[in-house]
Amino acid sequence: MIEQFGLAALYPEILLCVMATLIMLLDLAVKTPQRTLTYGLSMLTLAIVAWMEADAAGQGATFYSFGNMVVSDPMGGWLKCFAALATLVTLVYGRPYAADRDMLRGGELFTLSLFALLGMFVMISGNHLVVLYLGLELLTLTSYALVAMRRDHAVATEAAMKYFVLGALASGFLLYGMSMLYGATGSLDISTIFRAVASGQINHQVLMLGVVFLVAGLAFKFGVVPFHMWIPDVYQGAPTVVTLMIGGAPKLAAFAMTLRLLVEGLLPLAMDWQQMLVVLAVASMLIGNLAAIAQTNLKRMLAFSTISQMGFVLIGLLSGVVNGNTAAAANAYSSSMFYIITYVLTTLAAFGVILLLAREGFESEEIADFAGLNQRSPLYAGVMSVCLFSLAGIPPLVGFYAKLSVLQALIASGQALAIPLVIFAVLMSLIGAFYYLRVIKVMYFDAPLTATTVSAGADVRVVLSLNGALILLLGILPGGLMALCARAIVTTLGT
Amino acid sequence: MGLLSLAIWVPICFGAVLLALGRDEHGNAVRWVALIGALVSLAVTLPIYGGFEVGSAALQFVEKTPWIDRFNVFYHLGVDGISLWFVLLTAFITVIVVIAGWEVITERVNQYMGAFLILSGLMIGVFTAMDAMLFYVFFEATLIPMYLIIGIWGGPNKIYAAFKFFLYTLLGSLLMLVALIYLYNASGGSFDLIAWHKLPLAGNVQALLFFAFFAAFAVKVPMWPVHTWLPDVHVEAPTGGSAVLAAIMLKLGAYGFLRFSMPIAPDASHEYAGFMIALSLIAVIYVGLVAMVQQDMKKLVAYSSVAHMGFVTLGFFIFSDLGVSGAIVQMISHGFVSGAMFLSIGVLYDRVHSREIASYGGVVNTMPKFAAFALLFAMANCGLPGTAGFVGEWMVILGAVEYNFWIGMAAATALIFGAAYTLWMVKRVYLGAIANEDVRNLVDINAREFLVMALLAIAVLYMGIYPKPFTDVMDASVADLLQHVAQSKLPK
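Line by line, the protein sequences are chains A and B. Quick note: to get this note's numbering, add 65 to the position in the first sequence (first position is 1). Quick note: to get this note's numbering, add 5 to the position in the second sequence (first position is 1).
Any given hint could turn out to be false.
Said to hold, decoys possible - Here are the simulated SDA-like pairs of lysine to any residue, each with C-alpha atoms no more than 25 Å apart in a straight line:
{"id": "1", "chain 1": "B", "residue 1": "K304", "chain 2": "A", "residue 2": "T361"}
{"id": "2", "chain 1": "B", "residue 1": "K169", "chain 2": "A", "residue 2": "T257"}
{"id": "3", "chain 1": "B", "residue 1": "K169", "chain 2": "A", "residue 2": "S252"}
{"id": "4", "chain 1": "B", "residue 1": "K169", "chain 2": "A", "residue 2": "A512"}
{"id": "5", "chain 1": "B", "residue 1": "K304", "chain 2": "B", "residue 2": "G193"}
{"id": "6", "chain 1": "B", "residue 1": "K169", "chain 2": "A", "residue 2": "F499"}
Please keep in mind that the hints were generated in silico from the structure rather than gathered at the bench.
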């Protein structure tokens, strides 16, 4: 274990914190309605932070600093890099939308987004229960504020309220689980907890109680059944830019936190928490997919689709350990990591198109609003259909390889339930294909309701096209990102 | 870049360019780019035929580079005698479809042409992929352009047809995916098809794999009783879509039986041969009878396709040289003949906008040139000696008689049904007195349609009169396959 007392591992976080504060102050002086200065500074900050993280992750080394409270490893580095990029892309897509809805009267959107990202960074790097919890709270508190940003908008306010109440409950679960762990092992440090649990000297019942609460809290953050109630309402009710802010990058942080807690801390208990994940995964795929069929609101449909996609992520996480043998762990967890990264990439583009079609006074969130999009704008219809085919898991798009890797991990684990579970998962993805195809049908086969062409600023057009192209390109050449995830997870598990 | 890569990627690149070309004001430019693209794609497949070493069972024009390291997936292409003709057939049919859609398609021309070119490249990919994952990616990717082709340019009930096509075939493919992942783990982490052919597998595992592959390929072929999607889809698809679907996409399924089911699970294939033969005979006889009562020309040809593909699967599962070679010849000839049948119906539909047999009568009086071609294709569809349809069916029946007289007998009676429903349709549509005003106002085919018909007619006659070039290339590969399938793979 390399101990490093310097601040080097935390430079990106420090930069982010300083810049977020600076942007908040500078924004007081900004007069332009588009808030170009603070927007530009936010972009610059995010780009630099993403580059710093990528650079650190590329070196492939693991550092601990602040007395083991913070870890900097390739997995964390890449997830932070992608989280920063996702936030950047979200702001690019969301700025025109926010400006149209009077959400840029102050610069809160930028500041809160940067603080939310800081929260994700802390969650991803935490190697200590309290640090993880602090990061999580920073993220969720800023998210509550973001959802409620349109305070004169009844639906958004209701969504914020629901989110806050349920979110607070989930944080309570998590904290309770953490206190159990602390009580049982006498430490808040994840590495120490691991050693204590591995020794087998700890009271199993107390540990299990803690694990149950931890898993429940994490399940809430992922939004898997039965802790999914907030997802549809918040996705639908929040302003679309905030929906993307919540539905995109934070999934990466939730994944990292799950890995830190369940794998790095509690791998010896894997046989126990894997069983819980099986139940969560099956329920999520079933309910997410079935409920999505009934939706007419696209944001709500994508919310249920998220629930089912998270079920697939859990499939990777529950395939790591078989009968106490961790040989397949790296393969399994890296498949989940690949899944979640590509999921975020796809979600960004899908919501990017929704944001683009929304105009002043028109939300464009009903599926019917997309009628005949292909005739109005073949490019954006193309981007949207690439996203939907990818979410449905049709090759040659990246979503297919994500599903392939988690299903491969599950079969390779050789668990008794593996084959039935895989068949269940593919049948569920068949149901999924139905509702994704329905949106494509509306875009391509139906006649348009309006003849207005879709216009977008150059920045949105370029980023959205790149985003769509990347989903296709990663579908044709997925090897690089897969190898990156595999290396990152191997390094993390090796320490 | 090897020739096979060119055959795959040239049409896909042209298709991508067409998609980028944009709106319908440049309709003519788009059509010419599409035609050039299709012709260049056909041209790059010709050296594959020219350079193919006849008499060798080995894979030729092999390209192999790592593709996805983590799963040990290779970009591994190759052709042997079994797949060679399908590469050429696909490129040829694409040219025909582009010409056939020239004036008919007026909306979103670039997307129509682009979809067909991309589809062409993907289907060539299926026929040349020697890595199971690469195969699966191409196999599944074909669904996307076909879904859009049916849904955008299809008939009144197109949306139902597009969904039925997509979901029905996706269900089968997903079960195959489970089998592929299982084999990947069982073979110690490889998607190499040739390694899988040698992998010993226990009997019950082989049976499960056989049925997983059956789910994917039987739906695609389609075999009775999972054929129900085909008539619905054919009726609603645009002419070009029907032609490609019948001519090539159905063959993807049959080809899968040869590449996956039989060599990977030979013991299960023998075990369930009776089951497969029974389903094939039902397709040949029962579906042939169903075809006879159809009122809709496209539906009739769709059912006739199911019956003809029944001959193909029958030929496979009697495990004889004649049977398998005959089945492959039947696949190629059906590619020409069914494509031609659907394009003929398209010619009539463009003019009268009806597919009902009852809307026609006496077409020969107003469209003599067209009726001559249509009659030729109809004869080929019944398997008249001297046309493409005869060779394959005759070989399969001969093989079947050798295998079991009664099976051969049953298959041979189906030829009578085939003749009956085809000729009866010809009588009602083309012959007799002019039935109504629509038919009286018909104009005979123009130069473009004549070109399409003539190209197909040449192919149909050439294959019927001189089938040697078709059968010669496949002999060695078929013998090799059968020798492989005859050996048990059960672990000792």
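Here is what the structure says about each hint:
{"no.": "1", "hint": "B:K304 - A:T361", "verdict": "violated, 34 Å"}
{"no.": "2", "hint": "B:K169 - A:T257", "verdict": "violated, 56 Å"}
{"no.": "3", "hint": "B:K169 - A:S252", "verdict": "violated, 58 Å"}
{"no.": "4", "hint": "B:K169 - A:A512", "verdict": "holds, 21 Å"}
{"no.": "5", "hint": "B:K304 - B:G193", "verdict": "violated, 46 Å"}
{"no.": "6", "hint": "B:K169 - A:F499", "verdict": "holds, 10 Å"}
Checked against the numbered hints listed earlier, the structure breaks hints 1, 2, 3 and 5; every other hint is satisfied.
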